[in-house]
Amino acid sequence: QDQLNTVRGLIHRLLPEHEHSFTLSIISSETDVFEIEYQASPTPIIALRGNSGVSLSSALHHYLKHYCGCQISWEARQLNISTPLHKISKIRLKTPHQYRYYLNTCTHGYSAVWWDWDRWEFEIDWMALHGINIPLMFTGQEKIWNELYQEMNVPTVDYFTGAAFLPWNRMGNLNGWGGPLSQQWMDKQFQLAKLILKRQREFGMKPILPGFNGYVPPQLTKRYPDSEVNKLKEWNGFEGTFYLNPLDPLFYKISSLFTKKLIAEFGTDHLYNIDPFNEETPPSNQTSYLSSVSKALFQPVVDQDPEAIWIMQGWFLYNEREHSFWQPEQTKALLNAVPQDRLVILDLWSEEHPLYSTTMNFYNHSFIWNMLHNFGQRPGMFGYLDNTANGPFDAIEAAGPLMKGIGLTMEGIHQNPVMYDFVTDLIWRTERVDVDEWVQQYAKRRYGYSNDPIKNAWSTLRKTVYNYKTPQFGPSLLIIGWRPALKNWDAPQYSFLDLKYIWHCLLLAHKDFRNNLGYRYDLVDVTSQILNDYARLEHAEMIRAYNEKNSQKLELSITSMQNIIEDLEEILASNENHLLGKWIKDAKKWGHDDAEVALMERNARLQVTSWGDAGCELSQYAYKMWAGLVGDFYKSRWLIFFDELRSSLQEKKEFDLKRYERKSISWDDEWVKSKTIYDSKPKGDTIDIANRIFKRVNKV
1 QDQLNTVRGL IHRLLPEHEH SFTLSIISSE TDVFEIEYQA SPTPIIALRG
51 NSGVSLSSAL HHYLKHYCGC QISWEARQLN ISTPLHKISK IRLKTPHQYR
101 YYLNTCTHGY SAVWWDWDRW EFEIDWMALH GINIPLMFTG QEKIWNELYQ
151 EMNVPTVDYF TGAAFLPWNR MGNLNGWGGP LSQQWMDKQF QLAKLILKRQ
201 REFGMKPILP GFNGYVPPQL TKRYPDSEVN KLKEWNGFEG TFYLNPLDPL
251 FYKISSLFTK KLIAEFGTDH LYNIDPFNEE TPPSNQTSYL SSVSKALFQP
301 VVDQDPEAIW IMQGWFLYNE REHSFWQPEQ TKALLNAVPQ DRLVILDLWS
351 EEHPLYSTTM NFYNHSFIWN MLHNFGQRPG MFGYLDNTAN GPFDAIEAAG
401 PLMKGIGLTM EGIHQNPVMY DFVTDLIWRT ERVDVDEWVQ QYAKRRYGYS
451 NDPIKNAWST LRKTVYNYKT PQFGPSLLII GWRPALKNWD APQYSFLDLK
501 YIWHCLLLAH KDFRNNLGYR YDLVDVTSQI LNDYARLEHA EMIRAYNEKN
551 SQKLELSITS MQNIIEDLEE ILASNENHLL GKWIKDAKKW GHDDAEVALM
601 ERNARLQVTS WGDAGCELSQ YAYKMWAGLV GDFYKSRWLI FFDELRSSLQ
651 EKKEFDLKRY ERKSISWDDE WVKSKTIYDS KPKGDTIDIA NRIFKRVNKV
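Each residue of the sequence shown is one higher than the one before, starting from 1 at the first, in UniProt numbering.
Warning: the hint list may mix true and false statements.
Said to hold, decoys possible - Pair by pair, the computed Cβ-Cβ distance ranges are:
id, residue 1, residue 2, range
1, 89, 489, 50 to 56 Å
2, 616, 592, 45 to 51 Å
3, 19, 595, 42 to 48 Å
4, 667, 77, 36 to 42 Å
5, 650, 117, 54 to 60 Å
6, 222, 589, 20 to 26 Å
7, 89, 504, 40 to 46 Å
8, 20, 386, 40 to 46 Å
9, 247, 677, 41 to 47 Å
10, 540, 180, 43 to 49 Å
11, 683, 327, 54 to 60 Å
12, 643, 194, 49 to 55 Å
To be verified - Pairs of lysine to any residue residues, derived as SDA-like cross-links and limited to a Cα-Cα distance of at most 25 Å, are as follows:
id, residue 1, residue 2
13, 469, 488
14, 455, 694
15, 635, 488
16, 404, 202
17, 260, 237
18, 663, 682
19, 444, 675
Hint data in this document are derived by calculation from the structure and do not stem from the laboratory.
C-beta: ideal position from N, C-alpha, C; glycine also.
Take the sequences, apply the hints, and build the full model.
Take a look at the structure:
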């Protein structure tokens, strides 16, 4: 009954004018299944049946998507439903995927860190509609950890990071950075976590909770001097963290206490994420050691929850820092120490680097095929539609019942919505998809209908930016957001002329879709992409002029670059999804006093720019194409670069790289500490601005 009521609540939030047009009922099934049936008498109605709230929500979404031509995404909803409702013959769909996984540890930092309950409610609705049944749930755990360490008389003041960097504290990569973390933050996040878990379970989801991976506060060594705690090597420019050997008796004590407290506060669905060696190398490659570690990691959890299942990220097998360590014998030793029915591995980057195919299906362990796709919620249109279309089906054919599910492990959302709509659409399919046809139907659903320019735009998008062939680390670089340099940047894997054609096609259709939010979002994305491509070409001309010592040509290129930056700021400012001001405003809401408001703002600014101190290897890792960043932060960096180029030619000296880097990094630090207020609401009309930019750059 809870699940039925929860789905009714979803329908009320989504379709209040149609909430009485659907009936809901639970059906019995050992596997996830739904039915949809049109019933004409006594009143036309759509009957939705499913074995859980998630299945019922998926039935609703399937009907809206494939029979009413609707679309539900993060940034736009197209819900133009005809009255009376579309008739449909009875259908019954059963998913081949036991698990449908969602979220990455990093998503809780790059996307969800400032979310309140309203935003989380929206996301949980999205999960249910898209068939997700095992989301990762890491919010709110710091309060439990803090209480545990207080009971052990271990200070945590230099342990917890600031809010925007908690994912990497949880994974054991860094301590203290961006902190301190206030008790008020912990309390509010703890209460938020309870709301999240309650709603997820009301839909029938089984959220994955954290387990203890071995990383401890630095002060633990003083309280327990005889414990075997190793200080690890630095991580991306940050000082190494402290790792408690799982074979030490203290590990069992901490893990048991934490798991007991976690279950008491949050309940459990028996799924736990434990990642002991995330971008860190184990102290020994002896197979006996690795096997013992694996058992020691899991045993305390099992002792508190005899039904526990370990959900393990496979990232440690990808990462270059550890790749050479994890040879077949070491990998087998770690995995085979856990009973096969108690371990499920997230094949984290399956669309590019499927590990099941190189590890004999993780040496006969269950796994989930995942699309990673994005790093740092970085911008840029990009995807591997063909790889993604075939990947899950190839995995089923290769691994059979060991392939337990499909998932999304992106580090950040709010980008390339077509890729996420596509993957979740595969959840209820048992046969391969005609990608060309699917993309055309996607565009039609997104905009409400289609015409020739839209068909041509999306046909070309499918063949270019969404059909990358060569593996790469996320989208191609959008250079306006990167620190300027004398080198030329590589061209993306698509044709610049193709992207211009896509842009032209979208603009030809603007009169038909002026009021469609999805169209406006996509127009901003394409305009941003094309302007950055123009910038890449203009930057190459600038460097050529500089190398030729041609001041006149250099000034022409500088003027062109400044115009591009101004155009980019204007188009981004027209859409609410591309505003730095909203990111900072959302962060500041979490501060309980002036000092914490300032700290939250600094966290928000740091994450999307320098990430760490000067020299941090993650600088610019999470850069964004947002109004405010472009018109202020990025523009100022480019102005510094322009001035250094001019000075070099005027002084007839080589480019002073050290002076330039010193000035540029100094600006980074100055900006992070600043308090400039940026617009948190859009301004200007996207279509008018895009048309004006198109005419200017094409000299129409």
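*Hints broken by the structure, by number, lowest first?*
2, 6, 9, 17, 18 and 19
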